[in-house]
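Given chain A, put chain B in place with the hints provided.
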Amino acid sequence: MSALRFDKATIRLGGRDVLSQASFIIEDGEFIGMLGANGAGKTTLMRAALGLAPLAGGSITIFDQPVTRGNASIGYMPQNRGLASGLRLSGYDVVASAAIGARFGLRWLDKAARREIDWSLDQVDARELARRSIGELSGGERQRVLLSQALLGRPRLLLLDEPLISLDPSHQKAVVEIARRLREELKITIVFSAHELNPLVNAIDRVLYLGAGAAVIGPVDEVVTGPVLSRLYGSEIEVIRVKDRYFVMAGGVDVEAEAHRREHGHEHEHGHEHGHAHPHSHGHDGSHV
Amino acid sequence: MSMVTLTRIPMAMTVPMFEYDFMRTAFVAAGIAGVLAGTVGFFLVLRGQTFAGHALSHVGFTGATGAALFGLSPLAGLVGFTLIAGIGMGAFGEKLAERDVAIGMILSLALGLGLLFLHFYTSAATQATALLFGNVLGVDDSALLTLAVLAIISLAALAIIARPLIFASLQSELAEARGVPLRAVAVAFLAIVAIAVAECAQIVGVLLVFTLMVGPAASALNFSRRLGLAIALSAAIALIEAWGGLTLAFYTDWPTSFWIVALSGSVYFVSLAARRLAS
Chain A
839 MSALRFDKAT IRLGGRDVLS QASFIIEDGE FIGMLGANGA GKTTLMRAAL GLAPLAGGSI
899 TIFDQPVTRG NASIGYMPQN RGLASGLRLS GYDVVASAAI GARFGLRWLD KAARREIDWS
959 LDQVDARELA RRSIGELSGG ERQRVLLSQA LLGRPRLLLL DEPLISLDPS HQKAVVEIAR
1019 RLREELKITI VFSAHELNPL VNAIDRVLYL GAGAAVIGPV DEVVTGPVLS RLYGSEIEVI
1079 RVKDRYFVMA GGVDVEAEAH RREHGHEHEH GHEHGHAHPH SHGHDGSHV
Chain B
17 MSMVTLTRIP MAMTVPMFEY DFMRTAFVAA GIAGVLAGTV GFFLVLRGQT FAGHALSHVG
77 FTGATGAALF GLSPLAGLVG FTLIAGIGMG AFGEKLAERD VAIGMILSLA LGLGLLFLHF
137 YTSAATQATA LLFGNVLGVD DSALLTLAVL AIISLAALAI IARPLIFASL QSELAEARGV
197 PLRAVAVAFL AIVAIAVAEC AQIVGVLLVF TLMVGPAASA LNFSRRLGLA IALSAAIALI
257 EAWGGLTLAF YTDWPTSFWI VALSGSVYFV SLAARRLAS
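Chains A and B supply the protein sequences, listed in that same order. Under this note's numbering, the first residue of the first sequence is numbered 839, with each subsequent residue one higher. Under this note's numbering, the first residue of the second sequence is numbered 17, with each subsequent residue one higher.
Next comes chain A alone, as it looks inside the complex (with noise of 0.2 Å):
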């Protein structure tokens, strides 16, 4: 059984085709690391495979089910702009707010519920960190406390949307290393998109690369290549591998690391994440390979 189907699939938005006649196939169980350039489409695949962006076109399948909103077999993690970082809550209270928040009623949490939020703490080893407030996590413990949500309802397919984003290099081997246990432990399918491939390339069983409308899945092998990604990203692209390690070149710039600057630069102009590492000094800019 597939986990995620997409056949033929069509996302318009605001007159653009973000995704044209895209089709691929995440079998249950899979790691899938999902890339692509800024505006590629990596959060409206997600928000259409959780029935929040409507088809144009073709179909997607769920475990073989056609898309519905607030699907139980779906844990979804979003890259949470909205989240107040300021915020003093709890990330227990904020965790709790998710695992009874989705119905109408007076609903208190009762023994069922904190077991539920335990569990789901526990599988991210955040069960104490959830007693401190959100706001005073670093970005990395937040990042813990947030993505066990996803696993709220013990879901069979995870989408966890850029984890990765603003967290320092140790942080982000920490979520990748999260995520791959909790693919072993729970058997379920995972798809993460990231703005880089190489965090991800030691733990994940293939690809799907977006770009120019199109979705490409398969082994990092053959998807991540020149001709593939030239045609992905609409101009010539030159992929580099030393060892395991991917660089994504045009016109002699890593537009992987490029993306991934314009990020932290914009994180920056809100005075967030100050005191983490750059990711300059990640190591990917050839002169320190």
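In short, the hints are calculated from the structure, not lab data. Glycine residues also receive a C-beta, built at the ideal position from the N, C-alpha and C atoms. Just to be clear, a hint being listed does not mean it is correct.
[Claimed, not checked] A partial selection of chain B residues facing chain A, derived with a Cβ cut-off under 7 Å: (1) Phe183; (2) Leu190; (3) Leu243.
[Unchecked claim] Now the in silico label distances, taken between C-beta atoms and shown as ranges: (4) A:Arg907 to B:Gly120: 34 to 40 Å; (5) A:Ser1068 to B:Ile103: 49 to 55 Å; (6) B:Trp270 to A:Arg953: 51 to 57 Å; (7) B:Asp156 to A:Arg992: 54 to 60 Å; (8) A:Arg907 to B:Leu288: 40 to 46 Å; (9) A:Ala894 to B:Leu198: 20 to 26 Å; (10) A:Thr906 to B:Val286: 46 to 52 Å; (11) A:Gly991 to B:Trp270: 52 to 58 Å; (12) B:Gly128 to A:Thr906: 47 to 53 Å.
[Stated by the list, open to error] If the Cβ cut is set under 10 Å, some of the chain A residues that face chain B in the computed set are: (13) Asn909; (14) Tyr914; (15) Leu927; (16) Ser928; (17) Tyr930; (18) Ala936; (19) Gly939; (20) Arg941; (21) Leu944.
Just chain B now, with coordinates in the frame of chain A:
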């Protein structure tokens, strides 16, 4: 002469304040409005929509003065207008409710229109002062009943939407993915806010609605990091401030609204200090 000074409390220090009928009524009215404002205000602060609440109170001013001009009950005008404006604000979506300039313009427009209505309404000054700065001592039994009924309906409605509202306020994208109807929740909530604002305006006036809606909630969030505790604390702080303000007004003969504002401000600054010490 303003309404506030007209209904000045007698300087009968020797007589306990509950000997007076109007004081008993004022305590009940302030209690109802305080609990409602503290509870609803908590969600307003959590959602970062405090400015929208402030704007609603100004729209209420237009409604009340307009109603008075046409010989209708100002309370009905106040409730009606804030309710329509609240639903409208919710229906236009979160984006609009968060747009400061648009809300600021609506706020000024409403206040200006209210001024125009007052201009045509003869007994303007008393009415205006009571609306702008509140007149809890002037609440009569029928108004009290209205306040009680509206408060019960609002709190019941809030209880029904509370869970999705908290979820949507903290993490709207995740809530949407889990099937929470964001727009409907936003509209329902702003309608509840409108009622709370109208009630609050009866006690502290439209200009000072912030003091009971936002002050206690912001303080509660500084005192506690637990959601349930913070909501209860917010309601309790608002209640104590409303009752404390009335008591102080009785013994000093200064305006009730002043004392409520003074208490609300003091509690807020203490909460800021407490938060700094705790972290």
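Hints and how they fare:
no.	hint	verdict
1	Phe183	holds (3 Å)
2	Leu190	holds (6 Å)
3	Leu243	holds (4 Å)
4	A:Arg907 to B:Gly120: 34 to 40 Å	holds (35 Å)
5	A:Ser1068 to B:Ile103: 49 to 55 Å	holds (53 Å)
6	B:Trp270 to A:Arg953: 51 to 57 Å	holds (54 Å)
7	B:Asp156 to A:Arg992: 54 to 60 Å	holds (57 Å)
8	A:Arg907 to B:Leu288: 40 to 46 Å	holds (41 Å)
9	A:Ala894 to B:Leu198: 20 to 26 Å	holds (23 Å)
10	A:Thr906 to B:Val286: 46 to 52 Å	holds (49 Å)
11	A:Gly991 to B:Trp270: 52 to 58 Å	holds (56 Å)
12	B:Gly128 to A:Thr906: 47 to 53 Å	holds (49 Å)
13	Asn909	holds (8 Å)
14	Tyr914	holds (5 Å)
15	Leu927	holds (6 Å)
16	Ser928	holds (5 Å)
17	Tyr930	holds (9 Å)
18	Ala936	holds (6 Å)
19	Gly939	holds (3 Å)
20	Arg941	holds (7 Å)
21	Leu944	holds (5 Å)
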